Structure formats: C-alpha cells, structure tokens
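Undergrad: One-letter residues, chain by chain:
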Amino acid sequence: MEFFKTEKTYDFMGKAKIFMAISALLVLASWALLAFKGLNFGIDFAGGTIVQVRYDKPVDIATIRKALKQSELFKEASVTYFGSDREIIIRLKTSTKSLGKDIGDEVRQVLQGTGNFEIRRVDMVGPKVGSELREKGIKATIIALAAILLYVSFRFEWRFALASVLALVHDASIAMGAISLFNIPVNLDILAAILTLLGYSLNDTIIVFDRIREGIVENLKLNDLDQIINDAITKTLSRTMLTSLTTFFVVFTLYLFGGEIIKGFSFTLLVGIIVGTYSSIFIAAPMLKLLGFNLAEYRKKLAEKRKREQEKERMRAMYEQGVV
Amino acid sequence: MGRWLNYRFVIFLLVFIAGVALSLPSLLGFKEGPKITLGLDLQGGLHMLLGVDTKKAIESKVKSIASAIKYFAEDNDILIDELRVEGTQISFKLLDPDDAPKIEEFLAKHKGLVVERERESYRITLTPQEIQSVKEYAIQQAVDTIRNRLDQYGLAEPTVAKQGKEKILVELPGIKSPEEEQRVRQLIAKAAHLQLMAVDEDRQARVNRMSPEEAAQYGDVILEDRQGRKYLLKEIPILDGSMITDARVAFDQNNQPVINFTLNSEGARIFGDFTAKNVGKRLAVVLDDVVYSAPVIRERIGGGSGQISGGFTVEEAHDVAIALRSGALLAPVYMEEKRSVGPSLGADSIRSSFIALVSGFILVVLFMAIYYGIAGIIADIALVANLFLIIGIMALFGATLTLPGMAGIVLTVGMAVDANVIINERIRELLRQGVSVRKAIEQGYKNAMSAILDANITTLIAAIVLYAYGTGPIKGFALTISIGILASMLTAIVGTHGIYEALLPSIERDRNFAKWFGIKV
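So the sequence lines, in the order shown, correspond to chains C and H. Number 297 in our numbering belongs to position 297 of the first sequence; there are no gaps in the numbering. Number 1054 in our numbering belongs to position 54 of the second sequence; there are no gaps in the numbering.
Just chain C, same shape as in the assembly:
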C-alpha cells in the first residue's frame, strides 16, 4: 500500500504564504486566549485540593453541594462529574496543614448520608510546594528548549536550529491555546505532554531538515532552494504521515480508554501531534527560507569544511609516513 505518488513533487513552497498566514492567525489567536482567558492552573501549580468520590449509584450534584455547605471549609468548592454520573470531583483552592484531620477526612464526614460512597483519591498541594513545582516546570521547559536548540545547531546550521525552535514555539503556543480554550486544568502531566510534543514535533522537523541537507549536498547543480525543500518534504511525506498516524492511533486509544485521569494529558498530545505534523510539513522549512538561508553560502561552508578535513587527513598521512 502507498499513500502518496512518488513521481510527483508537491509544491509546498509555492503555497508557503498561505500556510504561514494560517499559522500566524492560529498562533495569535492562541496568544490572545492565553492573555485574556489564561490557563486554568490545577493544584500542582496553584496549590489546593481535589477529592474524587464514587457512589454506588448515580448522584445529584445539588445534593453534594448542599452537604458540603455544612462546613465553612467548602464554601468555595467546585463540584463536577468525573467520567460518569456516579463519580464526582470536588475542587478546592485551599489546602490544610494538619495531618490528623485533613480535607479528605472532612469530606468523608460531611458527605455522610448522601449515599454509599467511596473516596478514591485525595490530592493536596500546599502553596509552597505549588510554587516550587511551578518554578521547576518553567526551568524544565527552558532547559529542554535550550538543549534541543544546542543539539540542532551542532548537527546543522544555526538557521536550521532557529527555524525548528520557531516551529516548536508555534506548536506549543497552539497546544496551550487549545488547553486554555477547553479549560483543561494544567498540572504536571500537561507539562509532560507539552515537553513530549516538543520532542515529537522536532522529530518530524529534523527528518525533513535531514533530507533538505541531503538534497543540498547530493545534487550540487540544483540551485533552487524551493525545489530542494519541495523534494525533501515530498520524499519524507509518507514517513511523516505514517508515524503521525501510528502515534495518533495510540494516543487516541489512550484518550478513549485510558481513563479520566489522563484525559487532559492525552488530549494535549492529540492536539500536539496534529499541530506538530502540520508544522513540520508546512512551517519549519519555509521558516528556514524566511530566516535568510543562503544555499550558495552553505555549500561554500560545507566545501571548506570538507577541504579542511581532507587537509587534516593529508597531514596525518604525511606525518604517519614520517615526511614531516
């Protein structure tokens, strides 16, 4: 089976402007969402408590709210269903320090008489830990990005690195825009999903770049950068689509069957895979051109590098023969 015709080279660069415009729009919309609506930080980063309770039969949220009113502690609690109408989540912005009687114990007490229930999960993060996790999260993202940038500039040229990081910013922005739009609580797992999608999207981009570099070196007579890029994207197209498809499959099954707890995580990855694949095909390579990548200059640098290596080789050979 084959998805794409191989005889034909698709003209991606010819339509680059359209895709750039779409992307710019999406990124700006995401930034606007982040600026005005903001992210819904979950307890990992904001501190607070969540209590997950399951009943043996469907339960009315109003009943729960009424029961929670008994205690001053739950004045600002939010109650929502979690996956089914038998299971609920109680969210609080506050946490307690006492070990002897914590919010979970308190919930157990005030919910007496609302039916047969089981407290399945109590997560509580104090303000100090929350701010530490936040700090760590920001650090992790910056270090990951810097390390990737460093690696790509080492393997390619700085413009490749910058183009791939810009593509990553594009992906992360849109994924975070989606997180904001769907009001998904941002916890550590979401951070993990974003870092994973950065690695994943970069994967795709690098494979395209690898092909572009190959095209530059292999056919020295071809001086049309657009055509080299088009060729490279076309040749990697089925690979990009296939891997995205298999990854999409597994993340989709994770989203469907993996349970409520990792829904946010798998949702972020789903968005990330779509955006990451799109950006690797339509955004990263045109970005390279936009950054002023110069074919002749790059070839000259490569030729010089090769010459230096040959020179070194020659010197070594002479040295080994005892001429020097």
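No false leads were mixed into what you were given.
Derived DSBU-like pairs (lysine-lysine); straight-line CA-CA distance at most 35 Å: (1) C/93 to C/57; (2) H/1056 to H/1102; (3) H/1446 to C/15; (4) H/1176 to C/136; (5) H/1446 to C/221; (6) H/1070 to H/1102; (7) C/235 to H/1520; (8) H/1070 to H/1135; (9) C/289 to H/1446; (10) H/1135 to H/1055; (11) C/300 to H/1446; (12) H/1055 to C/128.
Covered stretches of chain H, going by a simulated chain C footprint (3 or more residues, C-beta under 8 Å): (13) 1185-1197; (14) 1476-1487.
Calculated directly from the structure, the hints in this document are not laboratory data. Because the structure is a prediction, the values reported are computed rather than measured. Glycine is no exception: its CB is placed at the ideal position from the N, C-alpha and C atoms.
Based on these hints, arrange chain H on the given structure of chain C.
TA: Same frame as chain C, now just chain H:
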C-alpha cells in the same frame, strides 16, 4: 539455517529472550525473580511530603535547658528567681552573687550557649551554629521517629526519607481505607510529648479566673484535661518523655486500657527526688499539652515507672504506646503535599491503561502489516521485542511503573515503529530506482541512520530533562519513554536488519515486492 546466524539477528534474539525472561515475573506475578514495582497511583496508597516546624524544636531545646538549670540550682542549693523562657531566650536572677562561679561553670558545660550577665541577671540564648544543628537534628530525628513508628505499626514497605533540605517524604502502599489512612496520619503526627508537671497548688484554686498572661507571670501555664477541667501547672516540667525507655499497653482493674511507662536511671532519680519532696501535692501527667491525670503524691515513687490513664480506646492506647516508645517528635510535622489513591482507583487505572495499550498495539501492528506487507510484520516483531525489553529492563532495575509511565509505554508503541517506517521508506525509494534488493536494504539502513539518530536523541533530551525536573509519577513517564527509545534502537534497527539479512535469499528469489515491501515496482 546458517543465514539466521548473522550477528545482528543473534544479538536481537538474545535480547528478545532476555527481555521475555526478565518480564515474565512481572507479567505473570511470580513470587521469585525481578519485578516491576507499581507506583502508588497504580497500586493505591498514600504519598506525603511533610514539612518540619523547626522553630518549635528550638523552643523546646531552650525549655529543656531551663529545666536543667532549675534542677541544677535546686540540687546545689543555689537560689534563683524569675526563671523565665521567652521564645528562644532564658532569663533568671541569681539571689546570691557568690553562687555565680558555680552556675557559670555549669552553663559552660553546655555547648552552643551565649550567656550574657548584667549584675545578677542572666540572659541565655543559642548560638547560630547551635540553632542550625538543632534544626538539622530535629529533621533527622523526625525521619527516624516516623520510620520507627510506621515499622512498629506494621505497614508493609513504608518509605520515609529526607527530601531536599527540610522536607520528609513518606510513601505508604497498602493502606486499605480512608479510616486507616487517617489513623496512620495521626500516628505520624503525634508529638508524643510526655511531660510530668507539678500542679501550682498555691494558686490552683483561682485557675478558672486566671488569664494565660497572668499565669505566665507566675511561671505557670494553664492546660485542660479531656473533660475541659483546667489545671495550673509549673511551666518548666519535672521531666519529659526523652527519659522514657519503654511504654506498653496494659489494662487497669476496670479493664480500661492504660499505658505503663518506664524511665531511665536519670529520669528515675529525678522522679524519685521530686516525689519525695512533694508528698501531698499533685503531679500532672501531660501528653501533647493535654492533662491525662493529676494524682496526689502519697509517697516517694522509686523504681522509675509510671502510668498514663484517662479513657483511651484500645486503638488509641496502642498508637500512643508506639509513639512514646519511638520517642517524641522534637518538632511538629505538617502536610505540604499529599496524594492518596484508593486501591480500587489504582486497579481501574491499570485496567484502562492496559486496554489502551492493547488496542493501540493492535491498531499499529495491523496498520504496519497492511501498509508494508512482510516488512511491516518484521517491524511488528521488533515492536513486540521492544515492549518485552521495556518491561524487562524496568524489572531488572526494580523501577517503578506509574500511570503516566503506562502512558509512556503506549506512546512508545506508536513512536518505536518510526525507525522502521523511515528505513522502509528508504528501501522502497531505492527499489523504485531499480537498485537490487540486497543493495536497497543495505543502503536503506545507511541512509536512514542519521535521521533516526537525530530524531531519537532530541526526544531523549526532552525525556531526560523531564526526568531530572519531574516529580513522582511524571518521572515514571520520562523513564518509560527513555527506555523505549533506547530499546527501539536495538530492536528496530539492529533486530530488523538481522531478519532482513536472513530473509534476503528468499526475497531475491521471490522478487514479489508487493508481498515483501507493499509496493509495485
């Protein structure tokens, strides 16, 4: 058969077998052999990060120095007045200046004290180094004490460890119910600070009308018993729980649970001396600032043993005895973070992530086989080997599998075939150019290599950073992803190459590329 003896295939086979062998104990639940540990989010349990209120430790250290000064003065007939503790400062007045050398010699024996003297008035504080060391000791002592208590309580495999500079990590698998969890939390947090205090008999009659500030003027504190009755007690205790050597639950004549405790020799001496001098007065047994009983001293009590009674339930008495035996917490602990998962939720998470893994796996395997023909099946074999290898490696190192870790394995299923996709695409490309099969395979692997390496290394960078900065379950995700990437290098690159090498003569004879590589040439 000889064709299968190429080095790549042999390595692959050995790794495959090792992976299966190492993962079987985990998958089939053998008693023996290396096994993956399930994270608390999958098996259920309690994870807590505790803070230590080290300020309290310093205050109580100061208080115990004050007790020692008082005891020394009384023992040596040195008259002192207005002995007070305010925060971290002790002050007193010496009535007879001639006693100054004696008391100063005594103070000099204590390390880490700053002693200031203004005529007969003394002010004593701790040096900054001493404060630091008291803090550190309090944290270490809390770790040891909590571990000791949990061991005695009898929970399976508790983890208690210092985390960072001043936090304590407590992980308890195998908690069965929220009620048990609360009981264990109470046991951990119990200060178990036992004090034997003298009742201020001169003023006790006025206690109900006295404010705490007024009591402080006399060097007293007001404490209540469990029924709310107030007692006026000398602030500086006669002795405290640090001198206890043993505490056991027993039953009194009414069959009520009580706790018998035994003091060490120093404690016994102090206790004996005090009771001898104070016959007819009352002695309060105070645990964590609650008065349990205040019996009248009838005669000197030697032997150094005593009893705490006062309406315990059997469970309570059991936990109090554990806490007394393991010693008081020098500083109170409080909760900074808690993650508690019930066993039923853990089981649900295992089930649902396993369903996701199996269905994702089937989709990918079918897709690869349909798209690439036998080349796809070869990639599938590598994928199966990869899965066993991930589980096997994790079992070998006793790594912990968490829910995000399971998600990582699911994700690996999707991403591990990537290397084979890249290779297969390269082989197809060369075949279309009319290159011989042998050359197409060799060249295909060669051409694909730099892309595969770059792609895997960048993902690995993200995973490593995540491992370094992530906490708890997220670390599990970074771990499975990293192992998956490394394992895929072996299975998807070396393994499949070996299989092709062995099959090459058959492919060359057959030349049916639709069957082998899913393309028409």
